[in-house]
Amino acid sequence: MLHVVKAEHVTDHRIRLWFNDGAHGEVDLADVLTGPIFIPLQNVDYFRQFRLEGNTVAWENGADFAPEYLHSLLPVDSSV
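Going by my numbering, 363 is the number at position 80 of the sequence shown; the sequence numbering is gapless.
Please keep in mind that the hints were generated in silico from the structure rather than gathered at the bench.
Since this is a predicted model, take the numbers as computed values, not measurements.
Worth double-checking, as some hints may not be accurate.
What the hints assert, rightly or not - Capping the alpha-carbon separation at 25 Å, the derived lysine to aspartate or glutamate pairs in DMTMM-like fashion look like this:
{"id": "1", "residue 1": "289", "residue 2": "351"}
{"id": "2", "residue 1": "289", "residue 2": "314"}
{"id": "3", "residue 1": "289", "residue 2": "309"}
{"id": "4", "residue 1": "289", "residue 2": "311"}
{"id": "5", "residue 1": "289", "residue 2": "336"}
{"id": "6", "residue 1": "289", "residue 2": "347"}
{"id": "7", "residue 1": "289", "residue 2": "304"}
{"id": "8", "residue 1": "289", "residue 2": "343"}
{"id": "9", "residue 1": "289", "residue 2": "328"}
Claimed, not checked - Between beta-carbon pairs, the in silico distance windows are:
{"id": "10", "residue 1": "305", "residue 2": "328", "range": "26 to 36 Å"}
{"id": "11", "residue 1": "319", "residue 2": "359", "range": "25 to 35 Å"}
{"id": "12", "residue 1": "326", "residue 2": "305", "range": "11 to 21 Å"}
{"id": "13", "residue 1": "331", "residue 2": "352", "range": "15 to 25 Å"}
Where a beta carbon is used, it is the ideal one built from N, C-alpha and C, also for glycine.
Construct the complete structure from the given sequences, taking the supplied hints into account.
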């Protein structure tokens, strides 16, 4: 099962992610913050307050992304 094992805010809506399969890299979530649950995340100050929860990044309002989806957003050369 795929897990996010570490995450750091980079800038704006970009997060650097490390996965338990060794993959790592930056993802920009700005274009996918649509729908009611993601509206608060459009504010960068709120966005940067994520935490690791249940194998992925999550926010206080209940928003999260499946680790498989986040992994699919990594650049192609993101493996170790």
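Do the hints match the structure? See the list:
1. For the proposed pair residue 289 and residue 351, the alpha carbon gap of about 15 Å is at most 25 Å, so the pair holds.
2. Distance check on the hinted pair: residue 289 and residue 314 sit about 22 Å apart at the alpha-carbon level, within 25 Å; holds.
3. Of the pairs offered as hints, the one joining residue 289 and residue 309 holds, with about 12 Å between alpha carbons and a cut-off of 25 Å not exceeded.
4. Restraint check: the Cα-Cα separation between residue 289 and residue 311 comes to about 16 Å, which is no more than 25 Å; the hinted pair holds.
5. At most 25 Å may separate the alpha-carbon atoms for a hinted pair to count; residue 289 and residue 336 meet this at roughly 11 Å.
6. Pair hint residue 289 plus residue 347 holds up; C-alpha atoms about 15 Å apart against a cutoff of 25 Å.
7. Distance restraint check for residue 289 and residue 304: the Cα-Cα separation of roughly 12 Å lies within the 25 Å cut-off, and the hinted pair is therefore satisfied.
8. Taken as a hint, the residue 289 and residue 343 pair is honoured in the structure, with Cα atoms around 18 Å apart against an allowance of 25 Å.
9. The suggested pairing of residue 289 with residue 328 holds, with an alpha-carbon distance near 20 Å, which does not exceed 25 Å.
10. A beta carbon spacing of about 32 Å between residue 305 and residue 328 agrees with the range 26 to 36 Å that was offered as a hint.
11. Checked against the hint of 25 to 35 Å, the pair residue 319 and residue 359 passes, with Cβ atoms roughly 32 Å apart.
12. Our hint of 11 to 21 Å for residue 326 and residue 305 is violated, since their Cβ atoms are close to 33 Å apart.
13. About 20 Å separates the C-beta atoms of residue 331 and residue 352, a value consistent with the hinted range of 15 to 25 Å.
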